[in-house]
Amino acid sequence: MKRKIDLRKKEEVMAKKKLLQMIDEYGKVNEQLKELQVKREEIRKELIDKLGYGVHHGAEYTIEITEKRDPIIDVLKVYKRLGLKRLLKVVSVSITALRKYLTRPEIEELTEDYRVSPMVICRRK
Numbered sequence: 001m002k003r004k005i006d007l008r009k010k011e012e013v014m015a016k017k018k019l020l021q022m023i024d025e026y027g028k029v030n031e032q033l034k035e036l037q038v039k040r041e042e043i044r045k046e047l048i049d050k051l052g053y054g055v056h057h058g059a060e061y062t063i064e065i066t067e068k069r070d071p072i073i074d075v076l077k078v079y080k081r082l083g084l085k086r087l088l089k090v091v092s093v094s095i096t097a098l099r100k101y102l103t104r105p106e107i108e109e110l111t112e113d114y115r116v117s118p119m120v121i122c123r124r125k
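This note's numbering applies: residue 1 is where the sequence shown begins, and numbers increase by one.
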């Protein structure tokens, strides 16, 4: 009986050690991801500056640099169209929530301006 208890304790200790190793491994991978994301953003900015908009081909990959247009909605117009109850739901979420209540032409009417940002799409050949 004592032997079974000792085996269980050993298994518990081993499981805890394995969990601690997994935590450390997760932390290392997380740091690597952050470094890679920073590097990716630097390369992205450099590509946009040097290549400009359009389709560009590399040896293995093709990238397309386009404009991403995010609408900036006039809240007063949305309030007049939807009312306060629906407005609070929409404002707290995003433009995607507004699409539940309004059609695309109606959203265009309510759009005050566009926030334009470059977008890079990468595809393997």
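Source of the hints: derived by calculation from the structure; they are not laboratory data. For each residue, glycine too, the CB sits at the ideal point set by N, CA and C. One or more hints might be untrue.
In silico PhoX-like pairs for lysine-lysine, Cα to Cα no more than 20 Å straight-line [as the list claims (entries may be wrong)]:
#, residue 1, residue 2
1, Lys100, Lys80
2, Lys39, Lys28
3, Lys18, Lys34
4, Lys68, Lys80
5, Lys39, Lys50
6, Lys17, Lys34
7, Lys28, Lys16
8, Lys45, Lys77
9, Lys50, Lys34
10, Lys45, Lys16
What follows is a list of derived Cβ distance ranges for each label pair [what the hints assert, rightly or not]:
#, residue 1, residue 2, range
11, Glu35, Arg81, 42 to 48 Å
12, Ile107, Glu11, 39 to 45 Å
13, Lys68, Ala15, 42 to 48 Å
14, Pro118, Lys10, 54 to 60 Å
15, Arg123, Lys18, 48 to 54 Å
16, Leu33, Arg123, 39 to 45 Å
17, Ile121, Pro71, 43 to 49 Å
18, Tyr114, Arg40, 52 to 58 Å
19, Ile107, Glu12, 53 to 59 Å
20, Pro118, Tyr79, 53 to 59 Å
Each hint, compared with the structure:
no., hint, verdict
1, Lys100 <-> Lys80, "holds, 17 Å"
2, Lys39 <-> Lys28, "holds, 17 Å"
3, Lys18 <-> Lys34, "violated, 24 Å"
4, Lys68 <-> Lys80, "violated, 28 Å"
5, Lys39 <-> Lys50, "holds, 17 Å"
6, Lys17 <-> Lys34, "violated, 26 Å"
7, Lys28 <-> Lys16, "holds, 19 Å"
8, Lys45 <-> Lys77, "violated, 35 Å"
9, Lys50 <-> Lys34, "violated, 25 Å"
10, Lys45 <-> Lys16, "violated, 44 Å"
11, Glu35 <-> Arg81: 42 to 48 Å, "holds, 46 Å"
12, Ile107 <-> Glu11: 39 to 45 Å, "violated, 59 Å"
13, Lys68 <-> Ala15: 42 to 48 Å, "holds, 47 Å"
14, Pro118 <-> Lys10: 54 to 60 Å, "holds, 57 Å"
15, Arg123 <-> Lys18: 48 to 54 Å, "violated, 39 Å"
16, Leu33 <-> Arg123: 39 to 45 Å, "violated, 22 Å"
17, Ile121 <-> Pro71: 43 to 49 Å, "violated, 20 Å"
18, Tyr114 <-> Arg40: 52 to 58 Å, "violated, 25 Å"
19, Ile107 <-> Glu12: 53 to 59 Å, "holds, 57 Å"
20, Pro118 <-> Tyr79: 53 to 59 Å, "violated, 32 Å"
Hint compliance for this structure: hints 3, 4, 6, 8, 9, 10, 12, 15, 16, 17, 18, 20 are not met, and every other hint is.
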